[in-house]
Amino acid sequence: MEKVKTIQEGMKSTQSRQKSYREVRRRDIEFEVGDSSFLKVSPMKGVMRFGNKGKLSPQYIDLYNISNRIGNVAYELELPLELAAGHTDGLSYEEIPIKILGRQVRKFRTKEVTSVKVLWRNQFVEETNWETEEDMKKRYPYLFDSREIPN
0 MEKVKTIQEG
10 MKSTQSRQKS
20 YREVRRRDIE
30 FEVGDSSFLK
40 VSPMKGVMRF
50 GNKGKLSPQY
60 IDLYNISNRI
70 GNVAYELELP
80 LELAAGHTDG
90 LSYEEIPIKI
100 LGRQVRKFRT
110 KEVTSVKVLW
120 RNQFVEETNW
130 ETEEDMKKRY
140 PYLFDSREIP
150 N
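Counting along the sequence shown from 1, when you hit position 20 you're at 19 in numbering that gives the first Met the number 0, and nothing is skipped either side.
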């Protein structure tokens with residue numbers, strides 16, 4: 000048991016030393032509105048968008064001015080028209096339920112909550128999840144029309 004303790008202490012001191020080495024040169028970069036920054040791109044596999052394909056495709060493209068600070072590490076850039084589609088306002092994606100696979104009633108001290116197991120579009124059966132029946136009836140009433148929900 001002493002050997003295990005000795006090894007654990009050695010690992011802890013080594014991890015601490017490595018952490019101090021790593022943090023010597025690390026610094027958080029903050030930009031202000033009007034500063035310039037490179038735009039990091041992650042091209043889709045097989046798509047040649049910025050001149051080269053595969054390993055030779057650029058990771059960063061051109062310097063762009065920062066027009067707005069959105070959060071601690073999020074900024075809006077002044078992009079040319081061909082790249083400006085990245086700043087779409089109100090962009091959202093809602094998954095659509097296909098059918099209800101199951102139903103369960105959970106009993107708490109003072110109330111009962113009915114949940115339904117929902118299969119969503121573009122997801123596998125293994126990725127189904129439980130949602131409250133009340134919420135699903137409000138948002139997707141067509142799922143409950145004229146058929147029995149399996150238990």
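Derived by calculation from the structure, the hints in this document are not laboratory data.
One or more hints might be untrue.
[Stated by the list, open to error] The calculated lysine-lysine pairs, modelled on BS3-like cross-linking and capped at a C-alpha distance of 30 Å, are:
#: 1; residue 1: LYS137; residue 2: LYS98
#: 2; residue 1: LYS106; residue 2: LYS116
#: 3; residue 1: LYS39; residue 2: LYS11
#: 4; residue 1: LYS39; residue 2: LYS54
#: 5; residue 1: LYS2; residue 2: LYS18
#: 6; residue 1: LYS18; residue 2: LYS4
#: 7; residue 1: LYS110; residue 2: LYS136
#: 8; residue 1: LYS39; residue 2: LYS98
#: 9; residue 1: LYS116; residue 2: LYS136
#: 10; residue 1: LYS54; residue 2: LYS11
#: 11; residue 1: LYS98; residue 2: LYS110
#: 12; residue 1: LYS39; residue 2: LYS4
#: 13; residue 1: LYS137; residue 2: LYS116
#: 14; residue 1: LYS98; residue 2: LYS116
#: 15; residue 1: LYS137; residue 2: LYS110
[To be verified] The calculated label-pair distances, taken between Cβ atoms and stated as ranges, are:
#: 16; residue 1: TYR92; residue 2: SER41; range: 16 to 24 Å
#: 17; residue 1: PRO140; residue 2: ASP61; range: 44 to 52 Å
#: 18; residue 1: SER15; residue 2: ILE95; range: 25 to 33 Å
#: 19; residue 1: LYS39; residue 2: LEU80; range: 16 to 24 Å
#: 20; residue 1: VAL72; residue 2: TYR92; range: 20 to 28 Å
#: 21; residue 1: LEU62; residue 2: VAL104; range: 39 to 47 Å
Glycine included, each C-beta is placed from N, C-alpha and C at the ideal position.
Of the hints stated earlier, which fail here?
3, 8, 10, 12, 18, 21
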